[in-house]
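Q: So the protein sequences, as listed, match chains A and B. 166 is the number that the working numbering gives the last residue of the first sequence; the numbers go up by one with no jumps. 158 is the number that the working numbering gives the last residue of the second sequence; the numbers go up by one with no jumps.
Worth flagging that the hints you see were computed from the coordinates, not collected in a lab. No experiment lies behind these values; they were computed from the predicted model shown. Beta carbons are placed, not taken as given, at the ideal position from N, Cα and C, and that holds for glycine. Hints may contain errors.
To be verified - Pairs of lysine-lysine residues, derived as PhoX-like cross-links and limited to a Cα-Cα distance of at most 20 Å, are as follows:
#1 Lys-149(B) - Lys-123(A)
#2 Lys-87(A) - Lys-123(A)
#3 Lys-143(B) - Lys-86(B)
#4 Lys-81(A) - Lys-123(A)
#5 Lys-81(A) - Lys-147(B)
#6 Lys-128(B) - Lys-81(A)
#7 Lys-81(A) - Lys-149(B)
#8 Lys-150(A) - Lys-27(A)
As the list claims (entries may be wrong) - Among the chain B residues that face chain A by a calculated CB cut under 7 Å, a handful are:
#9 Tyr-133
#10 Gly-135
#11 His-139
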Amino acid sequence: MAVRLEKSGGPGYALTTLESLIAWGRKYSLYPFTFATACCGIEVMGAFGTHYDLSRFGAEVVRFSPRQADVLLVAGTINYKMAPVLKRIYDQMLEPKWVISMGACACSGGFYNNYTVLQGIDKIMPVDVYIPGCPPNPEGIIDAVVRIQKIIETGAPRAAERWPIK
Amino acid sequence: MSIVLDRLRERFPADVVSTHSDFGDDTALVRRERIVEILAFLRDDPESLFDFAMDLTGVDYLGEEPRFEAVYHLYSLEKKRRVRIKVRLHEDDPVIDSAVSVWPGINWYEREAYDMYGIVFRGHPNMKRILMYEGFEGHPLRKDYPKAKRQPTIGPEE
Numbered sequence: 001m002a003v004r005l006e007k008s009g010g011p012g013y014a015l016t017t018l019e020s021l022i023a024w025g026r027k028y029s030l031y032p033f034t035f036a037t038a039c040c041g042i043e044v045m046g047a048f049g050t051h052y053d054l055s056r057f058g059a060e061v062v063r064f065s066p067r068q069a070d071v072l073l074v075a076g077t078i079n080y081k082m083a084p085v086l087k088r089i090y091d092q093m094l095e096p097k098w099v100i101s102m103g104a105c106a107c108s109g110g111f112y113n114n115y116t117v118l119q120g121i122d123k124i125m126p127v128d129v130y131i132p133g134c135p136p137n138p139e140g141i142i143d144a145v146v147r148i149q150k151i152i153e154t155g156a157p158r159a160a161e162r163w164p165i166k
Numbered sequence: 001m002s003i004v005l006d007r008l009r010e011r012f013p014a015d016v017v018s019t020h021s022d023f024g025d026d027t028a029l030v031r032r033e034r035i036v037e038i039l040a041f042l043r044d045d046p047e048s049l050f051d052f053a054m055d056l057t058g059v060d061y062l063g064e065e066p067r068f069e070a071v072y073h074l075y076s077l078e079k080k081r082r083v084r085i086k087v088r089l090h091e092d093d094p095v096i097d098s099a100v101s102v103w104p105g106i107n108w109y110e111r112e113a114y115d116m117y118g119i120v121f122r123g124h125p126n127m128k129r130i131l132m133y134e135g136f137e138g139h140p141l142r143k144d145y146p147k148a149k150r151q152p153t154i155g156p157e158e
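All chains should be built: construct the whole structure from the sequences, respecting the hints.
A: Structure follows, in structure tokens:
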């Protein structure tokens with residue numbers, strides 16, 4: 001991006017591409033949909049709260065309708081009965097959309113290796129960023145949001161474009 | 001001896017198999033045929049008044065016969081007493097009468113016992129799975145359910 005400002009205080013100009021401009025706008029207006037089913041949800045609340053303040057990164061407007069959200073933040077254990085609900089919410093979100101899988105349970109089933117828990121949400125949907133931990137710190141959520149911003153900024157392919165994994 | 005167990009034995013001499021009060025826990029093993037009458041008696045008897053069905057669960061004694069056991073935990077808010085009622089059920093016929101007519105709140109416990117152990121509660125108004133999804137096969141808390149078995153992931157309902 002090339003920017004020129006007039007010293008006289010007159011109107012300057014900036015050169016860029018439309019893609020970069022749109023990406024710049026998207027990057028700082030991510031609307032997350034939090035799908036919190038376990039203790040990870042408490043850490044999500046911490047991340048949105050005043051101490052960690054995710055709004056510094058333009059991602060503070062939590063939308064509880066999937067049709068208004070850009071980022072699906074899956075925080076917690078997903079069992080087989082919940083999996084179709086989560087998949088439907090993902091399908092209802094508008095493109096482009098990103099998915100953050102937060103915590104050991106959402107990433108891999110965690111220590112619930114049993115008959116009822118889905119062994120990682122990437123069995124049913126593409127995941128852009130995984131946050132390890134049980135539960136992760138709020139810093140981990142902030143880092144994940146920044147990584148999503150980097151994906152948007154660089155135009156790197158989203159996980160949905162690599163889906164399904166062969 | 002416990003007054004509750006005494007009255008239960010007195011009222012249903014043919015149906016009470018055994019009783020004990022080990023560690024202060026009044027327990028009665030009964031036959032399944034008149035279970036609803038027994039539970040209604042425990043609820044209404046002025047010495048018992050077990051108005052609160054705290055829990056109902058199943059047990060799988062794999063290798064024994066009868067294999068299954070239904071366990072009722074009752075509490076009396078009036079008398080501040082607890083009692084445990086156990087019923088053994090055969091593997092080829094794990095059926096027992098539903099106690100929903102005695103305590104409506106026992107509805108979901110019976111569904112849970114059905115879901116997890118396959119114990120069928122005859123006369124239950126809605127004998128369906130409660131924890132697992134409809135297409136799930138088998139009863140996961142039975143001791144012969146394969147530990148590593150995974151069932152196919154179901155998609156969104158159409």
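Q: Would you pick out the hints that fail for this structure and give their numbers low to high?
A: 10 and 11
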